[in-house]
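Peer 1: So you can see what is in the structure, the chains are spelled out below.
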Amino acid sequence: MIGLALPERLRLRYAKLGKVRFTSQRDLARVMERAMRRATLPLAHSAGFSPRPLVSFGLALPTGCASRAEYLDLRLDPSRATDAVGIVGLDDVDVGELARFTSRMSELLPDGIDVTAAAGLTGAEPSLQEAVASCDWELEVLGVSPAVLAGRVEQLLEADAVQVARERKGRIATDDIRPAIRALSVLDRPRREIDGLGEVVTLAASLSTHPRGVRPAELCGALGSEVLLVGACRTHQWMENDDRTARAEPLTEDGTVCGGLPDRAIEVQDG
Amino acid sequence: MTTLWDRVEPLLWHVAKPARYIGGEDGSFRDLKGDDVVRWLLCYPDTYEIGLPNQGLQILYSILNERDDAAAERAYAPWTDMEASMRAAGIPLFSVESTRPAAEFDVIAFNLSAELTYTNVLNMLDLADVPLRTAARGPGDAVVLAGGHCTYNPEPLADFLDAAVLGDGEEVVSELHDAITAWHATGEDRDRRGLHRALAAIEGVYVPSLYTPRYEAGRLAGYDAADDAPRTVEKRTVADLADWPYPRAQLVPLTEVVHDRLNVEVFRGCTRGCRFCQAGMITRPVRERPKDQVLELVRDGIARTGYDEVALTSLSTADFSGIEDVVGALTERGSSTHDVAVSLPSLRVDAFTVATAAAIQQVRRTGLTFAPEGGTWRMRRVINKLISDDDLFSAIDAAFSQGWRRVKLYFLIGLPTERDEDVVAIAELAAECVARGRRHHRAASVTASVGGFVPKCNTPFQWHTMDSPEELRRKVGMLRDVARRTNGLEIRWHDPDATAAEGIVSRGDRRIGGVIERVWRDGGTFQEWSEHFSLPRWLKALAAEGLDLEETALRARDRDETLPWAHLSAGLHPDFLWDDYAASLRAEGVEDCRWTPCYDCGACTTYGTEHVVASAAPPAGGSQGTGQGLDLNGPTAPVLVGLSSTRR
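Read top to bottom, the protein sequences are chains A and B.
For the numbering used here, add 20 to where a residue sits in the first sequence, where the first one is 1.
For the numbering used here, add 12 to where a residue sits in the second sequence, where the first one is 1.
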């Protein structure tokens, strides 16, 4: 990849599908770092005795869940630029270069992880962790018929509170997850059968991430103890303004970065 | 082919670390071969994290998959949660690459690197639906093989293995493959006995079913070998590592494993002659990889894997004659590897070595570990680990003055001729190291890890007694008493009960097979893991087989007793081992034969091989094993200890 020119800060969008979704977020960070080293990307590192590359991942994806919309931000070090990778201002990057870079990264990453978009950042964008307000999910479950499941969904949406038990710092606490559930419905999809286990039904869910998110497995538990989660895919992550009148993806598949939304005082963060 | 993925996938939501079961490593094999190949399932009988980095298995994996007529995949012991789910769902053992059931493999081969994994071997065979005992297997059942350091006493697993391989696997794996392919060609009603004879004809391959143990008065008295089976099975030795730049593509796992870095073997074998060290005895002679090949393997490996750390592996990497050139080239400014951390496992104990370590770890520092093994100079001469107190102190001074704040020391207790003062000296020596460290930094600390000694086969101590768990616990207690008075000194110790079980399985004869099976049936898998280990389970199994700990593991052996491994050879002359044992009891050291005259241990002469070492001079720095320090601290009176005990 001789002559690739990239901006100092980059946001990547990637998918995590298939077997590789059983790796943890921590595993994925290591896999990403190795791929970036192989791509001879001149990553900037933290200072100190044990320098770490400056890569910040967004919301953690629970182990086992797939996603078509994961993000990470990284920072390059101009002083480490090589013949292979030059570092340029945002205005000098051309779209073809970024496309070459994403396909090279996908090649270097394991099957199932594909970088689908990359774009330069100015540094003024809100951080992924803070700014993503909600996620859309498709959840595959076993154990109940579509009709029964639809009834449970209706009950859950009508409830004022939905208490689930969670382990926090070794103690069991009870939380109300109802406020975090924005939308939930049974999808009308051709159904697949798992040998000896029965028919899979798909749910669509929209879940808040703040102040405390809800995991797909917790949501399924709240739908009944016999509802067994066998597949989950995050389809979107959304940034939004305070009154939820506008929303956008942190980086769209065609490479548009969300630099901030109207009517919201966004704290400018470094990196 | 069959893939079990659709049935395995739903289980993965509910088990710990599901990435253990999905494969997908960079460098892993993608099956594009037809149905007419002989399929190997290479197994490590412990978790994925422990088993994946095993270089022996990776080398065989690489060699087999280069052949057009072979395909190799891998399996590891499923953790207890996964095993329970698999058994409940009727799912057999499967390969991580393609989730292919074990029944579709022609060969199931285990790496045996630790004796306490043997119950997992039985568990994996059971999960694979292979009859446990060789005698019960038919023409359609997989051939069950084992290799690795533990096969020098394969007797405890003899009833479960079709064959065990002694020594280096690079060449013999292809010969085994050819023999098994030829056996397959003899048709559906092929005779397993015929396979066994064909395997036994291969040098380095031991076929236990052709050797019937004979017992007299409750002890092994000899073996009756089938007519065409060799009287003694000799190990295999690869003459030149340069011919074997394997594994070609080290596997890069998706999830974190032990030794998670690029590993490049710089030499095999060791002639330092530490008498407790089985690895050093059985892997002789020393064979170095040419330094240019080492550099090439590191550069290519780093570029291909993306790792930011490489370990130059061997039994004593500071002894590699190309070490300075290799390290210099790797860390040179502007080289493609200059920001890669180079780690040297198994450091020699001296200041020179520390300086090398400091020079190559400017970027990130890995831990620093030294292994004096014995607390006193006398003890260290008994075990021929010829490190003087001054060697250790200069290494410690160098380490703390060059920025390390924490140093780890390895010791053994329960060594031959050990007295209480030798044990106490361990803590005192470690305390002195803390004191020296504190001159450089007020928070300097030392961790002393203490293991219980197991006299292993093919070492000069193979005849010696072994401490009981009670005795080891008493010694640990003494150490803790001393250590409690020293800030900055931490003592860690290996469970004496586990040491006892290791003694049973490494020193026992074929009757231990029944014990292993009982422990396994009693639920005793993952015996390397403290949360699953229980000595009472082993003692109960021993008793049920009419055996006990003292007779099986602890007692001394006479020179004329038939040892369980008497018909197997690592090339070492029994006379050499016995004479070296006698020398140890007189606290006499021997020198390293790479740089001093040959004392004819047998390793070179038996196989017509020799040391492959680039340098005729010993490395600079340490005195140990180079004949430079044998008289240090003056002459010591011989210690009178009987060579064998009649204790029963």
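Hints in this document: simulated from the structure, not taken from any laboratory.
No residue lacks a Cβ here, since even glycine has one placed at the ideal position from N, Cα and C.
Be aware that one or more of the hints could be misleading.
[Claimed, not checked] Quick partial rundown of chain B residues pointing at chain A, CB under 8 angstroms, derived from the structure:
#, residue
1, Ala31
2, Gly39
3, Ala213
4, Leu266
5, Glu268
6, Gly318
7, Tyr319
8, Asp320
Peer 1: Next step is simple, just say for each hint if it's right about the structure.
Peer 2: The hints, checked one at a time:
1. Ala31: holds, 5 angstroms
2. Gly39: violated, 11 angstroms
3. Ala213: Not OK, violated: B:Ala213 not within 8 angstroms of chain A, min 42 angstroms.
4. Leu266: With a minimum Cβ separation of about 5 angstroms from chain A (threshold 8 angstroms), the hint on B:Leu266 holds.
5. Glu268: holds, 6 angstroms
6. Gly318: Interface hint status for B:Gly318: holds (3 angstroms vs cutoff 8 angstroms).
7. Tyr319: At 7 angstroms from the nearest chain A Cβ, B:Tyr319 passes the 8 angstroms test, so the hint holds.
8. Asp320: Where the cut-off is 8 angstroms and the nearest Cβ of chain A is about 6 angstroms from B:Asp320, the hint holds.
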